[in-house]
Each structure stands twice: as C-alpha cells, then as structure tokens.
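Given only the sequences and the hints, what does the whole structure look like? Please build it.
Residue numbers (the working numbering), protein chains in the order written: chain A, 1 to 299; chain B, 1 to 237; chain C, 1 to 346.
Hint data in this document are derived by calculation from the structure and do not stem from the laboratory. For clarity, every value in this text was computed on a predicted model and none was experimentally measured. Ideal Cβ placement from N, Cα and C applies to all residues, glycine included. Wrong hints could be hidden among the right ones.
Taking lysine-lysine pairs in the DSBU-like style, the calculated list, with each CA pair at most 35 Å apart, reads [said to hold, decoys possible]:
| id | chain 1 | residue 1 | chain 2 | residue 2 |
| --- | --- | --- | --- | --- |
| 1 | C | 288 | C | 315 |
| 2 | B | 13 | B | 66 |
| 3 | C | 288 | A | 89 |
| 4 | A | 164 | A | 89 |
| 5 | A | 167 | B | 128 |
| 6 | A | 89 | B | 66 |
| 7 | B | 216 | B | 6 |
| 8 | C | 315 | A | 125 |
| 9 | C | 295 | A | 125 |
| 10 | A | 89 | B | 13 |
| 11 | A | 89 | B | 6 |
| 12 | A | 167 | B | 6 |
Listing some non-contacts, in silico: residues in chain A with all C-beta distances to chain C over 10 Å [stated by the list, open to error]:
| id | residue |
| --- | --- |
| 13 | 3 |
| 14 | 8 |
| 15 | 11 |
| 16 | 13 |
| 17 | 108 |
| 18 | 125 |
| 19 | 140 |
| 20 | 143 |
| 21 | 146 |
| 22 | 155 |
| 23 | 160 |
| 24 | 168 |
| 25 | 224 |
| 26 | 243 |
| 27 | 259 |
| 28 | 267 |
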Amino acid sequence: MFSLSYFLQQSMNGVILGCIYALLALGMTVVYGILRLINFAHGALITLGAFFMYFVFFRLGLPFVAALFLVLGFGGVMGLVLDLVAYRKLRGGPEVALLITSLGFYTFIENLTKLIVSPQPYAFKTPEFLATLYRTPYLTFRTVDVFIILSSLLIMLAFHLFVKRTKLGIAMRATAENLEIANLMGIEVNRVISVAFVLGSAIAAFTGFLWGAKYGQISYDMGFLTGVKAFVAVVVGGVGSIPGAMLGGFVLGLAEVLSIAVLPTRFAEYRDGIVFAILILVLLIRPSGIMGIREEVRV
Amino acid sequence: MISLLKVEKVTVKYGVIPAVRELELEVGRGQIVALLGANGAGKTTTLKTIVGVLRPARGRIFYDGKDITSLPAPQRVRLGIALVPEGRGIFNRLTVRENLLLGAYHRRDQGGVLQDLEEVYRLFPRLKERENQIAGTLSGGEQQMLAIGRGLMSRPRLMLLDEPSLGLAPLVVRELYTLIRRIRESGVTILLVEQSAPMAIGVADYVYVLETGMVKIAGTPREVESLEEVKKVYLGG
Amino acid sequence: MKRRIPQELWFVVGGLVLFGALFVAEKTLNRYLLHILILMGIYSIATVSLNLTNGYTGLFSLGHAAFMAIGAYTSTLLTFPVSLREAYDLPRLPWFLGGPNAAWSFFPALLAGGALASCAALLIGAPVLRLRGHYLSVASLGFMVIVVTFAKTLKSVTRGPMGISAIPLYTNVYWTFLWLFIAVYVVWRIVNSRFGRALMALREDETAAQVLGIYPMKYKLFAFVVGAFFAGVAGGLYAHLTKAIRPFEFSFTLTFQIVVMLIVGGMGTMSGPVVGVVLLLALRYALKPLEEHLKLYGLIELIYALLLIVVMLWKPEGLVGRKRVSARGRREREEEGEWARFSILK
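In structure tokens, the structure reads:
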C-alpha cells in the first residue's frame, strides 16, 4: 500500500514543515526562556512577514534578495515594537497577564491584516526561479523545497553560533537561565530581551515567506495555529533548550505529516487535533520534553 | 584613609517594609570589611543596593568620591564594582568558560579579557581543567571558585562577596579565605558578607554587624570580638 | 450568619424585578433588539462561568468554547424533531435516550448538554489542571482544537463542517435569563462560602494553600466542572436561538470574545462579566452596520483586541475591579530559584 516513494515524499514534506516549526520554535523559546511568556503574537509575525513579502516582491517587484532582507528587517522592527510598547510594561507582573496581552496583540494584528489587506486569502506564487520541478524515481520536489531546507539550516546554524560564540548570545542564554542573576551581574537585561524579540520576530517573518512559497496561499489567519504549534514544538523538544526547540520542531513536523500520511485519507482533517493530542501527551508523560532540563545540577 | 565606598544613611524598602534603615558604612581602599548579621538582617539587600539592582528610597552611595546613587547596575559594574551573589549565582547550564567570559561582559578590550582569563585559570587550575564542562556539574567548592573567578574577570576594584562560605566544607572554606586574602593583596577592595563570623572576623580590617536593617555594632575585629553579645550570638560563646 | 439572609432576599427581589423587566421587554422590543438581549444573556452565562474558573480560581482556561460546543451539539441532537432527522442525515436517538421516535424537550436537553460538558471537563481536567499557568492555557486551547476537530470529522453525528441547521427555536428571554440567574446565584454561593475562599487562596498562591490543607485538585476540578456545565448550557441556548451551528463558530474567536468581555468587565468580580458582555455586545451591534456597509471586515474584532490591550496595560483589573496587590511579589519569585522556572508541573 505504501510505497517507498510515498514514504520519502511525505517525509520530505514533514521535514519541510519541521523546518518551519523549528525556526518558529527558536524565536519562541528564547523569549519564553527569559520572560516566561508564550508569545502568541509570534504567530502574527508569520502573517505579517508573508504579506509584506507579497507586496514587496510581487507588487513592488523588488529583487528577491533585497526583499528577503526587508522582510527580516520588518519582522525585527515589529518585534521590537511589541517589546517596547507592550511587554516591557508588563514585566514583573503575573505571567498570565503577558499571555492575555499577547493574545490581544495577536488578534489585533490578525484583524488589522484582515481589514487593511483582505479577508480573502491571497494566492502566493512561488517565485519562478524557485519553482523548477525535479523528478527522481523516488522523490518529486521543487527548488523551493531545497531552498526552505537550506535556508532553515543556515539560520539555525547562524543562531547556534550566535548564542554559543558571541558575548550577547551567551548573555542571552544566561538571562534565559536566570534573569535575576544576570541582572545582578550588571547585564543589561532589557537590551538582551529586545534582541531576543528582534531576532525571533525577524525569523518568524521570514517563515511567513517560506510558508507562502511552499503552500501557495496566505491569509490573515494563517499565523494562529502555526504559532501555537510552534509552542508545542518547544514543549516537545524541551522547554529551556535551544537545540531542543529545533529538534522539537522537526519531530512535530514529521509527526504531523506522517501521521496523516499513514492514516486513511478521511483522517486528514484530524491534523490539528493530532498535534494537540501530542502536546497533551507530552505534558502528561514527559513534561520536560526530549531535551528539557532535568535535575542534573548539583546544588 | 580615603574610602572607596561610602554608604550614607541609606534606606531600602520592599514595598512598604524597610529592609535597610539609615544604613551607614564605609570601606577603605584596599581593605577587607566584614558585614555580619543574622538572616534577614539586610546584608544581601545592602549588597544589592551597592551594586545597583535595588534603589534606595533615601540616602546616597559614594564610590571613589562620586555619587553613584542613580547609576544603573551595568554602569556600576563598568566602574569596577563586582558582586559574587549568595549561593554562587553561576549559570548552571553554561560552561565554566562561558560563565567566566560573562564576568567580562562590560569590557571592550578583547585582549585584556583573554589575559585575565589566563590569570583566573592560573589562580584556579581546577577551573582550567573543567573549562568546557557545564557549570552545574561542578562541586560546591568549585562553583564558588567559578563565581569568584567570574567576579575577578570584570577587573573589579571593589568586590562584594555574599556569604561565600555557605554550604562549603570547612577545609574548602579555609582555602577560600586564603584566596580572599590573596585577592586583597592584588589590590582589590573587599566587602564581605557572612553568617559564619569567626572566619570573617579573622580576615577583616573592619567589622559591621547588622540587625533588622541597621548597623548595631561597628569596629575593628578586636573591639568587636570582645563584645559579649557578639561572643554569644556570632562566635558561639 | 445573620447578614446572609438579607443578601439572598436581594436575589429574590432582583429576580422578580428582572422577570418583570423581561416581560415588558418582550412585549415592547422588536425582534432584532430582543435577539441582542438574549445574546447578551447567553454570553453572560458563558462569561460568568468562565469567571469562576479564570477569575476566582485563577485557572486560565482558553478552551471554554469547547464546552459550549459540546453543550450545543448535545442539546441539538436531543431536541431535533424526529420527522426531520432523516432529511437532515441525523441519527435517531438510541433506545437508552428515548428511542427512535423521541425528541427531548428543551430543559432536559439543556441539562444534558451541560452535564456532558461537565463530564468532558472532568476527563480533561484531571490531567490538564495539574499544569502550571500558561501550560494550562495552551493545553486547554489544544483541547478546544481537538473538540472542534471531532465536530468537523464525526460527520455521521454532527454533519461535519456543514453543521446542523433547522434547530427548533426554543430559546427566549425567559429561559435565557432564568439560566443566567441560576448561574449567577450558583457562582455567588460558591464564591461566598468557605469553598470559595479556598479557591481564591489557590489562585493567589497554590503552595501556601496546600500548606493550609487545601487539596488543589479537588477544588480546581470542581470550579472547572461547574464552569463547564454552564458553558454547555450557554451553548445549548445559543444553538436553539440561532437555529444553526457549525464547528468553526466554536473556535478560538469565540473564546477570545468571552475572555475580552470578562477582562474588560473585571475578572474576579461578580458584576464584571455582565458589564463586559453588555458593553462589548452593544459595541458590536452598534458597529455592525458600519462594518458591513463599508466592508470593513475585522473592525469589531480589532476594536475588541484593542480594548483588551488597553485594559491589560492600564487597568488590568477591568472596569469594575479594584487593584489587587499580588501576593507573589517580585522578591518571592526571585527566591524561587532557577529550577522552578522551567518546571511545568506545580
């Protein structure tokens, strides 16, 4: 029933979805680690990035690479705005307050997009140079698939180097581990948080473009579930671990696609339900996730 | 004697509750000053206020003659104040080396930082051995070394030590205090907070005893040691 | 104890006044306004019940719409007229629910809807309520997604994405406000009892509450289940008002609306939820013609979101609420230590 090529094809799709989740999870986990905030607005940045790219590349006709950098910049700026306008004011307050406010921001941005752009989905044409089809005996894919995987790996590598090798990156990990002590050491915690937001948001905006290029359609509500699923990826991979977030993204992407591929077609609509069932299972059975922190620390 | 640090009538409140009241203390250049007191007396609060993480409701802090009361913590660290927090305060999930480098976060001189790193490794050879190990896997004593090493990485002029002997075996504590003396010899002024009085008094040039946020006793070690209350409460009779 | 009696007297008096007013309203208002009034009642039930779990017990559940969905579908499937079942591809009732020629009457059907929602709450609550703050929120959100997914896929029972229409119009002002009255009374009784104080103690500081001998799970589950019950009833009332239900109506948007109403009105207060509902629904229907004529779709939700943001940033206790000094101050969180930051279970 299931041929090798079907399995490979679906695995590839799973890996691609996993790349997108991994990128989103990266941005979410740094912010979560530092602020304990599930940034629902992260999902909004996917939508914003997708539409921004649409207008800048397709409507305005800017060159591709320039458009990409603009999207990254735009995402970064939006993230900074969110940080400065909203979250900074709520620091030190109850955790739930941050969550509720981020929900508010998500809904605000989603409806702003709906209002200003359109309630109808837009067709996102894959750029021509990314649309070349390749047929191999086992796998059919387009350039865009390779692009997504390569660019995701590149970003993940860059991010990894950033948090491991640069002063600011190490400071970010330190702040995520213990904000109070980082503060005591004189690390400018607010600046670190802003950097986390900027980076995560830039990546999220870029992900919006990837989504549009792969799935061919963007709409004002495309970010919500994907954003929440990114958080599921963080949990699956292990809260507080950056490599865990990336791993969680891949695991979730593969799980989502392969479970649907393996089940009969009428189960296709269970897709989202399956993701959340995975979340609940993980939270119950192994809350620290795959690579989460365990008590390996001697006190 | 010119003082490096002067805390003038400082009051620090948590909400409406004053943790430190009209506190006055002075630390001379090159001295080791001990700050003693029971739990909750306000010792940690005092250190946090000096480093800039807490703001006093009233009073002023002078460092090297300058009024630093309104300076934020990062800037105070740049001026040479380093805090080694209570309970080590290291980042357990980072490596030894990363922890140390973070101590030099504010410094711009890359070359100087690497030099100092070598110095710290010379001082603490065991840290060099475990350079790339995750800090959380170190023993208590090694973690304390790491915390102090990290403090040294900022090239401080004033080092604030918050209960460094907490949870350490007596042998290790002796090593620790030898180290503290060596640090002072290298020109760093030290303000030392301890619950364990005997060792602190033994190494200090001047002693303050805090009680409920105020200075109850102040004097040289000899003066303080001979006081009956001190003998009973802090020195075990 | 003596002061209790006059307060309950207020309820009786209030109830009579309310129903008197409703009688007048029914006779005088046009259908459109009456419809809005009933909707206010229904949303109030949902918001008041959410207030019990979120406001008073501090469990920030985002899955409330799921319970409304369960209540809506259950009561609909029970009351659906026998003669139409075949035409609408809906199953007939099994023998233990009355047999193939039975259709339930309204009140029992609503009760059943609420009961089933409560069962779901019990089932999902046991595992999920152990989780910390935002994990609870995301897990409850996930639960809602799962429920909606089932609503979309169990086509033989729910007719899938098409939903069920031609639901008998049983809801009127009296039913709605009767249930609101009951809901408010129940919440009021719970909140003003020892039980209620325990709930609020849990909300403030769970560890402290445990030390006082309060078993968190028992209390949390109770609040969760009661909240779910009324949400289920609200769902049933909603179904029999709008005469048609579809899975996507019970999505996050609905939960969000209720959350906004609750927060803007004032979480953790008795009158807050209703104030929030009235204000926000009035706003919605005032702006609706504008949104539709100028084709500004999304305007109302946008304003809702904006209101939420404004309230959260500047007056988080809501319109009716008073500023609460959070028991868990900053210092306590500092002393918590690193490990606690990442623990998901309490």
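Right, here's what the structure says about each hint:
no., hint, verdict
1, C:288 with C:315, "27 Å, holds"
2, B:13 with B:66, "23 Å, holds"
3, C:288 with A:89, "33 Å, holds"
4, A:164 with A:89, "30 Å, holds"
5, A:167 with B:128, "20 Å, holds"
6, A:89 with B:66, "32 Å, holds"
7, B:216 with B:6, "17 Å, holds"
8, C:315 with A:125, "45 Å, violated"
9, C:295 with A:125, "26 Å, holds"
10, A:89 with B:13, "22 Å, holds"
11, A:89 with B:6, "34 Å, holds"
12, A:167 with B:6, "32 Å, holds"
13, 3, "27 Å, holds"
14, 8, "28 Å, holds"
15, 11, "24 Å, holds"
16, 13, "20 Å, holds"
17, 108, "4 Å, violated"
18, 125, "25 Å, holds"
19, 140, "29 Å, holds"
20, 143, "33 Å, holds"
21, 146, "32 Å, holds"
22, 155, "25 Å, holds"
23, 160, "20 Å, holds"
24, 168, "21 Å, holds"
25, 224, "7 Å, violated"
26, 243, "15 Å, holds"
27, 259, "13 Å, holds"
28, 267, "8 Å, violated"
The structure fails hints 8, 17, 25, 28 (numbered hints given earlier, in ascending order).
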